[in-house]
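Peer 1: Single-letter residue listing:
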Amino acid sequence: AQKITQTQPGMFVQEKEAVTLDCTYDTSDQSYGLFWYKQPSSGEMIFLIYQGSYDEQNATEGRYSLNFQKARKSANLVISASQLGDSAMYFCAMREATGGFKTIFGAGTRLFVKA
Amino acid sequence: DAGITQSPRHKVTETGTPVTLRCHQTENHRYMYWYRQDPGHGLRLIHYSYGVKDTDKGEVSDGYSVSRSKTEDFLLTLESATSSQTSVYFCAISAGGREQETQYFGPGTRLLVL
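Taken in order, these protein sequences are the chains called A and B.
So for the first sequence, our numbering puts the first residue at 110; every next one is plus one.
So for the second sequence, our numbering puts the first residue at 135; every next one is plus one.
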């Protein structure tokens, strides 16, 4: 079974608008971390934002926020005021307390920002 | 940005030859990882290290070995390259190994096995 599911292979958003990238996860651990990474066309993996399973508030980092709904096991990334430079692949990822050091990645969502 | 470099950045090799990829960090982090990225699979862990000379297997370790003789360097060796090992390889580091520790990635190495 997929542990991280990103159901949107590709998305379009108009410049300056907000966009939500979906991520659902599956774990039986009580303690886990959720991460979002950005991969532009140049190929590097850029860390964007982190949410801990015990964090009561949603994480925010500049224009990025994580809409964490623990009961629904979802960790959606919200990008506000989209910019052309936001066009990239976005990966949701999880580390579990019992996961043995590895980070589990979803298949990714490709975001296209239109001018 | 985390100080992580990978070499080479691109490599073309032939089936059956050994290949070594190098990851170098300047952050003095204890944990280092090798992942491969393939279309439709996201990133998958090959091997990781939790200290000098301390390494362990990830989920796709067959055909790969690793070594870590210094804190800053983590080597990935394809003992006899196969076409199925054509991929993009990423090194990552983290200060700790717990679930809240963020992994930071190097720029990646594109490997083509002919």
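Read the hints as simulated data drawn from the structure, not as lab findings.
Note that the structure is predicted; figures quoted are calculated from it, not measured.
Treat the hints with caution; some may be incorrect.
Unchecked claim - Far from chain B, some chain A residues (derived; all Cβ distances over 12 angstroms):
1. 128
2. 136
3. 140
4. 151
5. 181
Unchecked claim - Beta-carbon label-pair distances, calculated as ranges:
6. A:151 - B:217: 39 to 49 angstroms
7. A:192 - B:211: 23 to 33 angstroms
8. A:140 - B:187: 24 to 34 angstroms
9. A:178 - B:214: 23 to 33 angstroms
10. B:186 - A:138: 46 to 56 angstroms
11. A:152 - B:150: 19 to 29 angstroms
12. A:224 - B:149: 42 to 52 angstroms
13. B:142 - A:149: 32 to 42 angstroms
14. B:190 - A:140: 45 to 55 angstroms
15. A:152 - B:201: 47 to 57 angstroms
16. A:176 - B:230: 42 to 52 angstroms
Glycine included, each C-beta is placed from N, C-alpha and C at the ideal position.
Peer 1: Give a verdict on every hint.
Peer 2: We went through each hint and held it up to the structure:
1. 128: Holds: least Cβ distance 20 angstroms, greater than 12 angstroms.
2. 136: violated (10 angstroms)
3. 140: violated (6 angstroms)
4. 151: violated (8 angstroms)
5. 181: holds (20 angstroms)
6. A:151 - B:217: 39 to 49 angstroms: violated (26 angstroms)
7. A:192 - B:211: 23 to 33 angstroms: Violated, since residue 192 (chain A) and residue 211 (chain B) (Cβ atoms, about 41 angstroms apart) do not stay within the stated range.
8. A:140 - B:187: 24 to 34 angstroms: For residue 140 (chain A) and residue 187 (chain B) the Cβ distance comes to about 29 angstroms; the hint holds.
9. A:178 - B:214: 23 to 33 angstroms: Distance hint for residue 178 (chain A), residue 214 (chain B) is violated at roughly 47 angstroms.
10. B:186 - A:138: 46 to 56 angstroms: Given about 29 angstroms between the Cβ atoms, the range is violated.
11. A:152 - B:150: 19 to 29 angstroms: holds (27 angstroms)
12. A:224 - B:149: 42 to 52 angstroms: holds (45 angstroms)
13. B:142 - A:149: 32 to 42 angstroms: violated (21 angstroms)
14. B:190 - A:140: 45 to 55 angstroms: Distance hint for residue 190 (chain B), residue 140 (chain A) is violated at roughly 21 angstroms.
15. A:152 - B:201: 47 to 57 angstroms: For residue 152 (chain A) and residue 201 (chain B) the Cβ distance comes to about 25 angstroms; the hint is violated.
16. A:176 - B:230: 42 to 52 angstroms: Given a distance of about 26 angstroms, which is not inside 42 to 52 angstroms, the answer is violated.
The structure is inconsistent with the numbered hints 2, 3, 4, 6, 7, 9, 10, 13, 14, 15, 16, although it conforms to all the rest.
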